[in-house]
Every structure is written in C-alpha cells, then in structure tokens.
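First to last, the protein sequences are chains W and Y.
Everything in the first sequence is counted per full-length UniProt numbering, starting at 1 for the first residue and increasing by one.
Everything in the second sequence is counted per full-length UniProt numbering, starting at 1 for the first residue and increasing by one.
Read the hints as simulated data drawn from the structure, not as lab findings.
Idealized CB from N, CA, C, for every residue including glycine.
Be a bit skeptical, because a hint or two may be false.
Unchecked claim - Chain Y stretches covered by chain W per the calculated footprint, using a threshold of three residues with CB under 8 angstroms from any CB of chain W:
#1 59-70
#2 124-130
#3 134-145
#4 290-304
#5 327-336
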Amino acid sequence: MARRHNRLAALLLAPLLLLLCGSFFIPVARILVTAVADPELSEALPRTAALLRGWDGQGPPPEPVFVAIGEELAAALRDRRIGRVAQRLNFEQSGMRSLLLRTARAGVTSRAALVALDARWGAPETWTLLRGAAGPATGLYLLRALDLVRSPDGAIQPVPKDDALYRTLFLRTLWIALVVTAICVVLAYPVAAVLAGLPPRWSRIGMLLVLVPFWTSVLVRTTAWFVLLQREGPLNAALVALGLVDQPVQLIGTRFAVVLAMVHVLLPFAILPAYSVMKRIDPALMRAAASLGAPGWWRFLAIHLPLSLPGVAAGAAFVFLLSAGYFITPALLGGPQDQMVASFIAFFMNQTVNWGMASALACLLLAMAGAVLALARGLLPGVLSGRFRA
Amino acid sequence: MRRLGLAAVMIALAFGASARDLTVVAGGGPLQDHMRRTLFQPFAAANGIAVADTAYDYNVGPIRAMVRAGNVTWDVVLVEAPDLVQGCDDGMFERIDWSVVDRQKFLPGGTSECGAGAIGWGVSVFYDNHRHANGPASFAEFWDVARFPGRRAMRRGARMTMEIALLSDGVAMADVYPLLATPEGQRRAFARLDQLRPSLMFWSGGQQPIELINAGEVDYAFGFVGRTANAIRAGAPLALRWETLLYTYDFWAVVRGSEHTAMAMRLIESLTDEAPLLALSAAWPVNPVTASVARNPALLAANPLMMSNHVDGALRMDTEFWLEHGSDLEQRFTAWLNR
C-alpha cells in the first residue's frame, strides 16, 4: 500500500522533475562543461592533436607533427573549419590567428618550410601552447576569469597588472548586489508591515501601487531614471533652484544612479514575500502580548520581527540573486566602473562569440551567488529553514 | 472522392506553409523599412517569390548557433566586417558566387570571400553648435581640453578608440595600425587616453552619444555619423566634423546551409545593383559600396550629409587588425576603464 502511494507520488512528481532537469540541471551542467571544454584544436586538426598529446614536450616536436599540422591547416582552410581554432588560440596568445592562416595559405608541410615561413614554428612556446589546446579539457577560461594564466612552464600566475579585470568585477558585482539587497530590505520592511496592517480595501490599493511599477518593463523604468537624473533633468533643476548646488551635479554614469535605479526596480521583490508572510502573522499573538503587559517595541522585537523574518529573508534572496545578474541598468546609468559580470557574459556570448569565456564567468557568478546564500543560511539558520522562535 | 480532394488540398497547404520564404536580415529601424520597399520587395515581385525580412542587433551568436544546429532560418544577412571574415573562416557563411554577383561593381575593398559590400558607416566627432560655435576639428583638438574645455563622450570599447588616441598624438593615418600592433604603440595610445580620462564619458548604444549631447551631459562626442546626420536632417543643431571620420563597410552574406542559396546570391546581386540602390539612397542616404552609386555626382550633390562625400582622406578601419588584436586590446581597454 505504502509502496503504491510512493509510486503514485513519484508519478505525480515526474513532470516537475522533468521540468527541473530540462530547464535547470541540464543547462547548468552544459554551461559547466562549456567552461572547461577545449574541442577546437582536436576538431579542426585531429591528427596534430593526437600527435601532440603523445609528445613529451621536450625540445622541438618530431617531424610528423609539422607534416600533420601543415596538411591539416591547409585542409581546414579549404573546408573552412579554421576560424574556431584560430580564434581559440588567438584568445590565449594574440598573433596566433595570423600565424595559422598564413601557414594554411602557404600550404607548407615540413619542419624546415614552416620555420622558414615563420620563426615562431621553431619556438618551443608555440608548441607548448598547441599541446595545451589539444584537449579535451582546459583551465584556460576559468583561470582567465580569475585573472590568472598558465605560464609556458605550467605554473599558474596572475595576468599582467594592465590586463587584470575580472576579480575587481566579481567583487564589485558582489558589493553592488549586497548594497542593493540591504537597501531593499530596509525600505521594504515598513512598506510591507503597513500594507499588511491596512484594512483589505486600502491594502489592495497599496498593493496596486507596488505592482504597477513591478509590471512595467525594466528598460522603461531605467530610461525614466536617465531622464530624471540627467544634467538638465528635473532633479538637477530642483537642486539648483533650491540653492543646494551651484551647478548641475553629474549623476548619470555614477554608482549612485545604478544603485538607485536597481533598488527601484527590485524593491517589489522584497516587498511581496515580506507582505505575504506578515499577512499571516496571527494578530491574536500581538494582542496576547499586549494583554500580558509587553510595550510596543517589545511586542515588535519578540513577535512581529521573528515571525516576519522568513519573508524578509526570501525577499532578500530574490533581490540578491536578481541584482547579482544585473545588466541593463548598469549599462545605461553606470559609468565604466559600474559594469557588472553579466554584461561581460553577454559581451563574450554575443559579440566575440567566445562561449568558453562566457561560461567560465557564468560558472563563477553562480558559485559566488551560491556561496553567499549558503553563508547567509549558515549565519541565520533559524530564519531560512523556517525554524524560528516565537 | 471529395474527401480525398480535401485531404490533398490540406496536405498541399501544410507543405506550402512549411516551405520557408527567402529571409533577409538587417539592422532594423527606418533604414530597413526603406530597404524593404526599394530593395527586397521589387526583387520579390520581379522573381515571383516571397521575400521576408527581419531585424537583428548585429550579434552573430544566433547565426553561429543556427548553423551549428543545422536549422538555418535566415538566408541573407547584413554583417559587420570582422564578423564576416571570422564567420567565413568558420564556415558560417557561404562563399559568394561571383558568377552571379558582379565583383567589378564594388569600391576597392568592397568584397571578400563571403561578402558583398552593402553599406558604409563611420564614426566622427560632433557637437551641439548652439552651445559651441566652435569645436574640435581634429583628434589633437578633441584631446585639447585647454582650448575646448568640457566633457567628451567616446565609445566604450577598444575598437575605434585606440585608433583615435594615436591619431590625437600626431600619428599619421598610414602608421596607426602598424604602430598599434606593437606594445609601444599600445602604451602610447593608453597614455593618451589617461590624459583625457578626467573629461571622458563612455557610451555603449549607438543612440547614446546624441542623447548625451542633447541632454548637455557632454560637450563633444564621438559617435556614428549616420545617426548624427539623421538628427541633423531632422533639425537638430549638430555640427558634424567630417575631418575626424573613421569608416568601414557592412556586407551582405549568405548563411551557410541556407536552402535558398542560389536565390540568395541573385538577391545579393540585386541588392547591390545601381537602380535599386539609387532608389534606396533617394529615400535614405546610405553609403553604398557599389561604385557607380557611391560616386554618382547627382546623388552626392543632393546629399551633402552622405558619408560617401567625405571618405577621401578618412581612416578605413582595419578588419584583420581587430581580428588579430581585438580580444587582447578589448580586455586591456576594459581593465584600463576599471582602474
């Protein structure tokens, strides 16, 4: 009997599990794989890749490697499969693209001819680079996403200072997301408390005021902030008219503008869960506390706050996760020092079509967001698991 | 019997619906509306076929995915030069059939293995001449904050920015790319950017420079000439400094694996022909890469804001350079921005 129930339950759960697999686990797994996969060289130049995997890396590679790469490059150019491997190697070492294309066009297939065409074919670093790209997996993208590179001798070292970018980017993304979350929580709490305490008719009107902006496109709301904040916009006009500043203040292109607009866009995500939890707090508890002589602030601290925390925590998690992936608002309102990881993922995805790098950044962003949520869960165990004291 | 006939009709209808129309993809907006009227539909009518068109944002990621998945739903696409060359090496685009498309009719550099020149575009300095009667007419002056105080807007990206940094430092046009390929040249460009940095703002979308100028956020901007010229035609008081022009071409290409390849080649031949292009240019002054139109004296005289009037002596952006050094320089540029 129990077993049959279990089977029925499993059957009923199956669509949900399939949906989870199809829309969550499989895509995430594919992103993880793309971040470390290194198929370009072995797909375009399979013989060269196999020979290089067997090469000990000492001194120049044997003659057959030169023959194989010469023939396979020419064939890849003819069949137009050379672009991806050229892009892959050029990403690791600028200049490789023209070297591969020039060699492919020349169609030379011996060590002497290759070295005569370009001295780089005689350099061991070129061959170490090629061997490193022979697959099947590479740490290149994940390392680059942490501002690290592997030197020719295999040691992991930081990229030159002028090229370092991504660590700053991740820390900034984390910081902006945390600031936006904190502000949203602080602003959302009283709003949700007031809405939950209003008589139903007024609370419905209040909810509408929260929901209408929520349903408006993010792009529209961000653009509205651009109009409000611009040098000759209403906010600057008001500041000047009030005599608070002599000249219009630069607001567009600042961190302030980004945080302001993100808080505005994401606030409903903090209000709604907090509201729904507060709505369910039994008013009898507060009355009971009052009848036992607890003053207002004590009733709030002992009853309302702990009971409402799960909703606040849910809202905070929403806001944090959404803001960690933010993209449009920083692009339109922020300066170059306000751009977040998501915009770089889009850049690699759409513009340079470097899916390895886009995936590596996405993986690290996912890991960072997951780590923050896990940490919050660890610090506030009662709140997030729902085992709150009351 | 009647039933059978009905079934046959329904099957025919189903097949008719599943056959995909020849599909052209361009950048959208009013330009594409004019292209539809003057280029696409006349070709459709002349050949008795249907031509559909849709817009994209010049991001070739989706095309790559389409070819890789073997599910090609676009046939002819307007692409940027670096994407064209890279995509051609990759087998993302078909080789142009030069027995169908006349290769002789294009401007120098207007064709490549997989692409036929479509329209030129460029970037230059412009400003609001109500606010400033006089503005920078060269990159040396664009950098001269003593003579022209005020904020400047530039593109957020290395491409186009590195070039003008070197031009501002007195580097001759012919030397820009060879120098930029060297570490010293790159250092020199970044040093110039460092000097201007306190006055710089950066834009990412093509309409932003005009908005920044209109809103008074910046005094001088470096932006797309097409957009600036359109704003001027619509009555905006903008001064466009052609002396500071950098330009390149976009190309028509055929997506590899298209089921309409033969028809797509004929379409490209028609898209780049004199008569349809003159009709398009009369409605919307694009900068054709077809020589007879780009050098048509009547057309040039009627459209002083056409870029084709001003490309002599301007710097043509080097596609191969950016394919080779783009990923490095873009990363270094972004790192510079974030410092």
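A quick look at each hint next to the structure:
1. For a cut-off of 8 angstroms, the count of residues in the segment 59-70 of chain Y with a CB near a CB of chain W stands at 4, and the three-residue condition holds.
2. Coverage of the segment 124-130 of chain Y by chain W is violated. Counting CB-CB distances below 8 angstroms, 0 residues qualify, and the rule asks for three or more.
3. As drawn, the segment 134-145 of chain Y meets chain W at 0 residues by the rule of a beta-carbon pair under 8 angstroms; below three, the given contact is violated.
4. Residues of the segment 290-304 of chain Y lying with their CB closer than 8 angstroms to a CB of chain W number 0, which falls below the three-residue condition for coverage.
5. Under the rule that three or more residues need a Cβ within less than 8 angstroms of chain W, the assignment of the segment 327-336 of chain Y holds, with 8 such residues.
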